[in-house]
Amino acid sequence: MRPLSTKLAAIAPSATIEITEKARKMQAAGTDVISLSIGEPDFPTPSHITEACIDALRRGETHYAPGKGIPELLKAIAEKIEQENKIPCTPDQV
Numbered sequence: 001m002r003p004l005s006t007k008l009a010a011i012a013p014s015a016t017i018e019i020t021e022k023a024r025k026m027q028a029a030g031t032d033v034i035s036l037s038i039g040e041p042d043f044p045t046p047s048h049i050t051e052a053c054i055d056a057l058r059r060g061e062t063h064y065a066p067g068k069g070i071p072e073l074l075k076a077i078a079e080k081i082e083q084e085n086k087i088p089c090t091p092d093q094v
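Here the sequence shown stands for residues 1 to 94, where the numbers follow our numbering.
FYI, nobody ran anything at the bench for these hints, they're computed from the structure.
Honestly, I wouldn't trust all of these hints.
[Claimed, not checked] In the BS3-like style, the derived pairs of lysine-lysine whose C-alpha atoms are separated by at most 30 angstroms in a straight line are:
1. K68 / K80
2. K86 / K75
3. K22 / K7
4. K86 / K68
[Unchecked claim] Derived DEER-like restraints, expressed as beta-carbon distance ranges:
5. M26 / I87: 20 to 28 angstroms
6. T6 / F43: 37 to 45 angstroms
7. G30 / C89: 42 to 50 angstroms
8. V33 / A12: 18 to 26 angstroms
9. E82 / A12: 44 to 52 angstroms
10. E82 / A52: 21 to 29 angstroms
11. I70 / I38: 22 to 30 angstroms
12. H63 / P41: 20 to 28 angstroms
13. R24 / P91: 20 to 28 angstroms
14. E18 / K86: 40 to 48 angstroms
15. P91 / A52: 34 to 42 angstroms
16. K86 / E21: 39 to 47 angstroms
17. R24 / S47: 23 to 31 angstroms
18. S47 / E84: 35 to 43 angstroms
Just so you know, even glycine gets a beta-carbon here, dropped at the ideal spot from N, CA and C.
From just these sequences and the hints, can you work out the full model?
Right under this line is the structure:
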């Protein structure tokens, strides 16, 4: 099969992906490995997060968020910082 482009074919494979794949192969072979390559957690996503994602997809939230962030989320984070960490914070500072 012909490559998409010569420039694309010249790009070296990702070292991170190669290390991750090596760790997976070692784990499959029974080696006890703590892989720190891509930040993949060793626990399942909590069900309330999975359900929230499914709900967002059903609402049609399938595009990128605003570059600066989701205003409601920025506000919630700022409130959390003020309430729990006792640090004055506005959404613009998040």
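- Item | Whether the CB-CB distance between E82 and A12 falls inside 44 to 52 angstroms | The hint (44 to 52 angstroms, Cβ to Cβ) holds, given that E82 and A12 are roughly 46 angstroms apart.
- Is the Cα-Cα distance between K22 and K7 30 angstroms or less? 26 angstroms, holds
- Query: Can the suggested window of 20 to 28 angstroms be confirmed for the beta-carbon pair M26 and I87?
  - Reply: Since the Cβ atoms of M26 and I87 sit about 43 angstroms apart, the hinted range of 20 to 28 angstroms is violated.
- Could you tell me whether the CB distance from G30 to C89 stays inside 42 to 50 angstroms? About 48 angstroms separates the Cβ atoms of G30 and C89, which means 42 to 50 angstroms holds.
- Message: Assuming the hint says 21 to 29 angstroms, is it satisfied by the Cβ distance from E82 to A52 or not?
- Response: Since E82 and A52 have Cβ atoms about 24 angstroms apart, the given range 21 to 29 angstroms holds.
- Message: Taking the Cβ atom of K86 and the Cβ atom of E21, is their distance within the range 39 to 47 angstroms?
- Response: 45 angstroms, holds
- Message: Does the beta carbon distance between I70 and I38 stay inside 22 to 30 angstroms, or does it fall outside?
- Response: Check passed, 25 angstroms falls within 22 to 30 angstroms.
- Measuring from beta carbon to beta carbon, are E18 and K86 in 40 to 48 angstroms? 45 angstroms, holds
- Do the alpha carbons of K86 and K68 lie within 30 angstroms of each other, as the hint requires? 24 angstroms, holds
- Agreement of K68 and K80 with the hint, judged by alpha carbon distance not exceeding 30 angstroms: Measuring from Cα to Cα gives roughly 18 angstroms; hence the hint holds.
- Query: Per the hint of 18 to 26 angstroms, is the separation of the Cβ atoms of V33 and A12 within bounds?
  - Reply: Hint holds: Cβ distance 24 angstroms, inside 18 to 26 angstroms.
- Message: Quick check: does the Cβ-Cβ distance between S47 and E84 fall within 35 to 43 angstroms?
- Response: 24 angstroms, violated
Of the numbered hints stated above, those contradicted by the structure are hints 5, 13, 15, 18, listed in ascending order.
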